[in-house]
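First residue of the sequence shown: 1, per our numbering; consecutive thereafter.
FYI, nobody ran anything at the bench for these hints, they're computed from the structure.
Since the structure is predicted, the reported quantities are computational estimates derived from the model, not experimental observations.
Please note: incorrect hints may appear among the correct ones.
As the list claims (entries may be wrong) - Computed Cβ-Cβ distance ranges for the label pairs, DEER-style: (1) Gly7 - Gly40: 34 to 40 Å; (2) Arg85 - Val22: 16 to 22 Å; (3) Leu83 - Asp29: 29 to 35 Å; (4) Tyr62 - Pro30: 17 to 23 Å.
A virtual CB, placed ideally from N, CA and C, is assigned to each residue, including glycine.
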Amino acid sequence: MLGERDGAEIAFGAVGRFWQPVIEWRSVDPTTFRGFDEPGWGKIAANFSVRPYGPGATLLSYECRTATTDPRSRRRFARYWWLIRPFVAHILRATLRQIKANAEAAR
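Let's have the full structure, built from the sequences with the hints guiding it.
Below is the structure:
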């Protein structure tokens, strides 16, 4: 976990060679995640946040950012992302729909 605003936001991230058939993960301390720049790696950071959205409503947001540490990794990640992007988008939309359904059922 990279950070948290209690009850409002959670941020998380990972360092890995995402483009490999079996992803190689790199353990990086949250305090050094931002500045990590060893060549050959990719970084992903994402967050979920909630905020009031009118009477009796809440807006849930998800944001994801990626970075690579060198041009070769950037090219590899671009090919990988081109391949998996449609599947990631489908899974994310399904996850957000389920969160919405759970929240509405709890009312």
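Item to check | Hints violated by the structure (listed by number, smallest first) | outcome: none
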